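Colleague: Sequence:
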Amino acid sequence: MGRFTLPRDIYHGSGSLSELKNLKGKRAFLVVGGGSMKRFGFLDKAQGFLKEAGMEVELFENVEPDPSVDTVMRGAEAMKKFQPDWIVSMGGGSPIDAAKAMWAFYEYPDTTFEDLITPFSFPELRTKARFCAIPSTSGTATEVTAFSVITDYEKGIKYPLADFNITPDIAIVDPELAETMPPKLTAYTGMDAMTHAIEAYVSTLHCDYTDPLALHAIKMVHEFLKKSYDGNKEAKERMHNAQCLAGMAFSNALLGIVHSMAHKTGAAYSGGHIVHGCANAMYLPRVIQFNAKNSEAAGRYAEIARFIGLKGDTEEELIDLLVKEIKAMNDSLDIPCCIKTYEGGIIDEKEFMDKLSKIAELAIGDACTGSNPRIPTQEEMEKLLKACYYGEDIDF
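Counted from 1, the sequence shown has number 274 at position 274 by the numbering used here; the numbering is strictly sequential.
Source of the hints: derived by calculation from the structure; they are not laboratory data.
Fair warning: this is a prediction, and the values are worked out from it, not measured in the lab.
Heads up, some of the hints might be wrong.
Taking lysine-lysine pairs in the DSSO-like style, the calculated list, with each CA pair at most 30 Å apart, reads [stated by the list, open to error]:
(1) LYS340 - LYS155
(2) LYS383 - LYS327
(3) LYS38 - LYS51
(4) LYS350 - LYS340
(5) LYS38 - LYS21
(6) LYS45 - LYS26
(7) LYS386 - LYS327
(8) LYS24 - LYS81
(9) LYS24 - LYS38
(10) LYS386 - LYS226
(11) LYS386 - LYS340
(12) LYS227 - LYS45
(13) LYS184 - LYS350
Given only the sequences and the hints, what does the whole structure look like? Please build it.
Modeller: This is the structure:
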């Protein structure tokens, strides 16, 4: 038996943020990130709409990129004091992911973070509050997914939390919020969306409900991401929709080892973080080459290539063309080809090699690995990660 879960309502299109004024409740706890929503006036608009709905509003600001366990616990404590019946989070993936985890601790104060790490082990939510998510970036799709990624900085590990309970009740997908993204963020979040859709399409849990969403999202990202990066307003709106469709697909079909590797390398090195979307973009071509040794995955990669208009006579040719097309997209978006050249070389080669074995072990154990079409051994994962560091192709 399969399951397909989405928010109860998805409001989309320019100006859809105003739907906040139709929420029914007494108190709204509004979670936001570092300040862009305030600078561009969207925070004031959101607060105004919530107050128009007759709600008292408490603001929780400055959720950091790659939100931490500490931030989650501070937010949950503030929720316990305020007792909201709506949790509203607006911004990039980070504040929405953080608010999802806060929600669990608010409703179940005695639970522990360790209790939530096991996939699909959350307690039943909505005993105190419902959840509304409003994305300002076009990539993570956390507004429609059953996932949240939280970082334990002391351990240097990103934890992907997974449970259908944390799928928001309402998603507001208003492209006006995403129009403010700078080009680099547009590129990274856009390739995050592409990775979501491709991994969902080849996942071992793909189904008739997820396949159309994944394919259409892939086609849209392929067509509109570069135009969005170049500033085209219509393309930005189409990308905001595309990333949401990709989220609907992967929330139900799950992901693969591109994300496993990105989760475990993101916060592992002293030189700095590898931004999640950029990591996905760099790793995706190599993982396609690795997974294509699986015959079913090879067929589905070939289908993707045909669907976006690539011409080849054999599966092997089509897969090679798909890999080249993704690399070409990365080049056109000024995304580095490998970890070694990321941000001018901030990830030290010796540190990378010293940590390789442990990172590989953690990546294999990541929640996203189980639905990948080919499960790597420890040796294969180490070779994959090294290829991503040096920008090498995969032939094993």
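Colleague: Now, for every hint given, state plainly whether the structure supports it.
Modeller: Evaluated hints:
About 23 Å separates the Cα atoms of LYS340 and LYS155, which keeps this hinted pair within 30 Å; it holds. Straight-line distance between C-alpha atoms of LYS383 and LYS327 comes to about 20 Å, which keeps the hinted pair within the 30 Å bound. With a CA separation close to 17 Å, the supplied pair LYS38 and LYS51 stays within the 30 Å bound. In summary, the hint linking LYS350 to LYS340 is supported, as the alpha carbons are separated by about 11 Å, within the 30 Å threshold.
Between LYS38 and LYS21 the CA atoms are separated by roughly 18 Å; this keeps the pair inside 30 Å, and the hint holds. With a CA separation close to 18 Å, the supplied pair LYS45 and LYS26 stays within the 30 Å bound. Straight-line distance between C-alpha atoms of LYS386 and LYS327 comes to about 18 Å, which keeps the hinted pair within the 30 Å bound. At most 30 Å may separate the alpha-carbon atoms for a hinted pair to count; LYS24 and LYS81 meet this at roughly 20 Å.
In summary, the hint linking LYS24 to LYS38 is supported, as the alpha carbons are separated by about 24 Å, within the 30 Å threshold. Among the hinted pairs, LYS386 with LYS226 is consistent with the structure: their alpha-carbon atoms are about 29 Å apart, no more than 30 Å. Annotation: proposed proximity of LYS386 to LYS340 holds, straight-line Cα distance about 10 Å (limit 30 Å). Taken as a hint, the LYS227 and LYS45 pair is honoured in the structure, with Cα atoms around 28 Å apart against an allowance of 30 Å.
Pair hint LYS184 plus LYS350 holds up; C-alpha atoms about 28 Å apart against a cutoff of 30 Å.
Consistency note: the structure conflicts with none of the earlier hints.
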